[in-house]
Amino acid sequence: AAGVIQSPRHLIKEKRETATLKCYPIPRHDTVYWYQQGPGQDPQFLISFYEKMQSDKGSIPDRFSAQQFSDYHSELNMSSLELGDSALYFCASSVWPGGYTGELFFGEGSRLTVL
Amino acid sequence: KQEVTQIPAALSVPEGENLVLNCSFTDSAIYNLQWFRQDPGKGLTSLLLIQSSQREQTSGRLNASLDKSSGRSTLYIAASQPGDSATYLCAVRPPGNQFYFGTGTSLTVIP
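Residue numbers (my numbering), protein chains in the order written: chain A, 1 to 115; chain B, 1001 to 1111.
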């Protein structure tokens, strides 16, 4: 079965550079979530999109932005990178509940290292 | 705001033991609760999903229960194996599109 696809899997950037992460949700999933997970921490919610519109906003820094496109894939853009941005970034997708289980599925993550 | 707590934070057991992981949440108005497994540096794998109307779900050696009124869920792992070593997270979904994660339980099964 198709899963959530993230790219790139690994990314190394210098401080103050820009990075873009991509996420392709499971087909027919209408909601995409972005999470950040630092070493030894639980996933921290950044932002989510439902039907291409931002639906919830978590602890996403102002230096980050995201959007969901017409084909439902999403991109997380990170600018002015800082050392503290080094983390695993997960994308997850789900279907708005109401006749569905509302189960959440995660991608394998993109590991960002800022030097 | 929903708060999710998992106890214990870490657990080490000898192979073959049965064990219970706990998850508690502060707001009982949930749509579902999901248990995940995460191996180091990897993504989260969904183990079990319990809808708010259900009391338990089973998959192989795993059994998850839900007591919505008391804000608790347990994940029971029978006959633990070294391959079960991982971090286990629970996530609660209120009505709507948000998910709230617990802090996880790090499990080590000793051969």
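To be clear, the hints were calculated from the coordinates, so they are not data collected in a lab. Treat the hints with care, since some could be wrong.
Said to hold, decoys possible - Okay, the calculated bits of chain B under chain A, using three or more residues with CB under 8 angstroms as the criterion:
(1) 1011 to 1019
(2) 1029 to 1035
(3) 1080 to 1094
(4) 1099 to 1110
Claimed, not checked - A short list of chain B residues far from chain A (calculated; beta carbon distances all over 12 angstroms):
(5) P1008
(6) R1061
(7) N1063
Unchecked claim - Over the 12 angstroms line for every Cβ pair with chain A, so calculated as not near, a few chain B residues:
(8) T1058
(9) S1065
(10) G1071
A virtual CB, placed ideally from N, CA and C, is assigned to each residue, including glycine.
Hint-by-hint comparison with the structure:
With 0 residues having a beta carbon nearer than 8 angstroms to a beta carbon of chain A, the region 1011 to 1019 of chain B misses the requirement of three or more and the stated coverage is violated. Residues of the region 1029 to 1035 of chain B with a Cβ under 8 angstroms from some Cβ of chain A number 3, which satisfies the need for three, so the listed coverage holds. Three residues within the 8 angstroms Cβ limit are the bar, and the region 1080 to 1094 of chain B against chain A gives 3, so the coverage statement holds. Coverage of a stretch by a chain is defined here by at least three residues with a beta carbon nearer than 8 angstroms to that chain's beta carbons; for the region 1099 to 1110 of chain B and chain A the count is 5, and the condition holds.
Residue placement check: P1008 of chain B keeps its beta carbon more than 12 angstroms from all beta carbons of chain A (closest about 15 angstroms). Annotated as non-interface, R1061 of chain B keeps its C-beta farther than 12 angstroms from every C-beta of chain A; the closest such distance is 20 angstroms. A cut-off of 12 angstroms between C-beta atoms confirms that N1063 of chain B is not in contact with chain A; the least separation is 18 angstroms. Against the 12 angstroms criterion, T1058 of chain B stays outside the reach of chain A, whose nearest CB is about 16 angstroms from its own CB.
With a cut of 12 angstroms on Cβ distances, S1065 of chain B stays outside the contact zone with chain A, its closest approach being about 18 angstroms. Once the 12 angstroms rule is applied to beta carbons, G1071 of chain B is consistent with being away from chain A; the minimum gap is 18 angstroms.
Checked against the numbered hints given earlier, this structure breaks only hint 1.
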